[in-house]
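Chemist: What follows is each chain in one-letter form.
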Amino acid sequence: MSRPLVALLTDFGLEDHYVGVVKSVILGMAPDAPLVDLSHAVPPQDVRAGAFLLMQSVEYLPRGAIILAVVDPGVGSGRRALAVQADGLTLVGPDNGLVSWALARLARLGRCAVAAERGQLRLGDGCQAVALDRPRHWLPRVSRTFHGRDVFAPVVGRLAGGTPLAELGSSADRIVALPWPVPRSVGAGAIETAVVHVDRFGNLITGFEPGRDPVERVELAGRTIAGLSRHYVRQADLIALIGSGGLMEVAAPGGSAAATLGVGVGAPVRVWVARPSGDAPEPRVSSE
Amino acid sequence: MSRPLVALLTDFGLEDHYVGVVKSVILGMAPDAPLVDLSHAVPPQDVRAGAFLLMQSVEYLPRGAIILAVVDPGVGSGRRALAVQADGLTLVGPDNGLVSWALARLARLGRCAVAAERGQLRLGDGCQAVALDRPRHWLPRVSRTFHGRDVFAPVVGRLAGGTPLAELGSSADRIVALPWPVPRSVGAGAIETAVVHVDRFGNLITGFEPGRDPVERVELAGRTIAGLSRHYVRQADLIALIGSGGLMEVAAPGGSAAATLGVGVGAPVRVWVARPSGDAPEPRVSSE
Amino acid sequence: MSRPLVALLTDFGLEDHYVGVVKSVILGMAPDAPLVDLSHAVPPQDVRAGAFLLMQSVEYLPRGAIILAVVDPGVGSGRRALAVQADGLTLVGPDNGLVSWALARLARLGRCAVAAERGQLRLGDGCQAVALDRPRHWLPRVSRTFHGRDVFAPVVGRLAGGTPLAELGSSADRIVALPWPVPRSVGAGAIETAVVHVDRFGNLITGFEPGRDPVERVELAGRTIAGLSRHYVRQADLIALIGSGGLMEVAAPGGSAAATLGVGVGAPVRVWVARPSGDAPEPRVSSE
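Chains as they are written, first to last, in my numbering: chain A, 485 to 772; chain B, 485 to 772; chain C, 485 to 772.
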């Protein structure tokens, strides 16, 4: 039988022992599980940044993978803890929206069904969740500040060892959803969006997913870029292109667009498409 | 038979090839060993910082785990190299105190016995060590500057492959110990301690381990904090609480206490407990 | 049968999901492959920096290892993609010189034969390569910007799963070579070289590989260092010694030579040897 891959995404950083201890707990329970780090450099307590990286990763995880996702400003308070399953993937983490974009992404890919409802995702076909409310599956001593180690790691260890989801807690049918910065039509073929992530190379990834209508120009930080380029190879000091996750991004070939333009997450971006359909692209989180 | 987990703690950083080469040597000898990084971001040659992270990790490692621990300012000089075993864990590294707090922690947990003696730990029941003095177990060519790769990695590889400890070197009954910054009573329920670690979140972890007596107030960097909070959720700009390793820490919910207060490792901290016992908490390294 | 180790070297950083996704794709195809990170902190698009780390790592990889090496400023353009095999190791990456120093190193060790020819390495005995030109071995959808995930990871996954090299593309007999900054004799026992890498500790690693002739003195940044030291232990504020990769380096024991001297990669270094042979050391890339 194949051993499930365990992927990890946290804001724990790599300076301290936190990630190593989480992994040690998991491997103490499931010694054969291959571990993969998605990122541990999520800015401290930045749930949206973590949600974005999860969303960009989730379709590349092999079926059966278990994802420990912990960016958890509410640790120790009353916030719920979750394990959510969709089409062979299991996401484990706090119920603060961290996994919501990944789940919506899976829904867009037709791998499960979810519906956006007043700040929540209602889980539909192919999707199930439990609230992690059974301390017998956790470490014997649970600290107030490190549920990654004391609650989430042992739950992941049990899942990797074959414990069924339903055994780990009470059934849940809704999870907290983060609002996606949906691009909106502002008339005459113009669409307003924003920078949603800046990557290591200084590429400015936007919330806009180009569709069939060709992009005519992009405005950002007072600069105008004509059309989309096909790759990063130097053609101009600033280009727009479709990034590896399907979203439009702005790049400075051989340099950093973020540094060149002096902008970051949240910066407004305006896009003109050639034959405007009049509608903004379908918002991610309402897809089912 | 289960394959032993190998955990690694170094000051090698992740920029260079050093950690990757150490792992390659280990896996060349023990291809099935699961590897876990505790941290490689120990500040260069900061033995105490490494010792602290090891101490906080050691009880979460599964039985059978082997720890390669290399923060080694004396590499290439006459300093001894060690492998120390305690209750199913094996620590491998230079004899400069790096593993001493972890060993003392295991002793406090009743997993082995050690005694502090003039800057050393004398190993007692359940504890054994060897000096790594048999070059036949190392790489054929040993550099002067990279014993992590040339000495410690192959020794860990052999241990992971089943070579018994006694085969790897001459028996040793004492190891170098770092002094723990023991909190000391300064009368009238007041205890003096210090910041021993600043983590990624800017939490200031102190050397004080709260006991049964309730903490009344904490003084640090000219600020006074009343009592202990139970978690990080925002109640005040600055709180004190029991951290995930059992030690008292000072945190700024949603921010960095280190940045807020402008202090770091070594900063003095004073604690008042409600019904002072008159004694400081039992020092860690003398516990057996 | 032993599972081949997969080693990874990229400029993807650890902040984003890029490395995790690459690993997920590999493990989706070869679930049992042990993964080792050589480095992901190569400065963005710095092919030489990546080539250096690969060259320093390659001899410590166990036979059978597969190396994914991606520093790829030309991604999406016409640059060729390669898999190169030499004495049981397979290097997979863009054909931009990234793997050339590693291959030349293997040749110097007698593990394969290569010859430098007008900016290329011609592959000789024990060395074979293919151009990765068969999309059926890649992910179904290939982005323009992330061949690490879409091309190189699946090729590595197939190799790890046992697919023979020749199946992955058309045979290639030359690869792009980076020029090695060969130390050159400047008369009277003097040799000119340069800093080729600065490591985490601030050690300045030069292109000069000391031979039988003793080094008399080293000049760098207006400072003169007499002779070579044997290890890092503090003897002087600045020392020169033979580093763990066989190259001469300049170090500041207990500190950073790079910070002390304010120099970095490319800084000129002059070396005087006692009994000059009149020849500079054999250049690496022409060794066969």
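One thing to keep in mind: the hints can contain errors.
[Said to hold, decoys possible] Computed, partial: chain B to chain A, Cβ under 7 Å:
| hint | residue |
| --- | --- |
| 1 | A517 |
| 2 | D521 |
| 3 | Q529 |
| 4 | D683 |
These are calculated hints, taken from the structure and not from any lab test. A virtual CB, placed ideally from N, CA and C, is assigned to each residue, including glycine.
Chemist: When the nearest CB of chain A is found for D521(B), is that gap smaller than 7 Å?
Modeler: Hint holds; D521(B) Cβ to chain A Cβ min 6 Å, cut 7 Å.
Chemist: Under 7 Å, Cβ to Cβ, is where D683(B) needs to be relative to chain A, so tell me if that hint holds or is violated.
Modeler: With a minimum Cβ separation of about 5 Å from chain A (threshold 7 Å), the hint on D683(B) holds.
Chemist: Tell me if Q529(B) is really an interface residue toward chain A, meaning its C-beta lies closer than 7 Å to one of theirs.
Modeler: Violated: closest Cβ of chain A sits about 16 Å from Q529(B), beyond 7 Å.
Chemist: With chain A as the partner, please determine if A517(B) meets the hint condition of a C-beta pair closer than 7 Å.
Modeler: violated (10 Å)
When each numbered hint is compared with the structure, violations occur for hints 1, 3.
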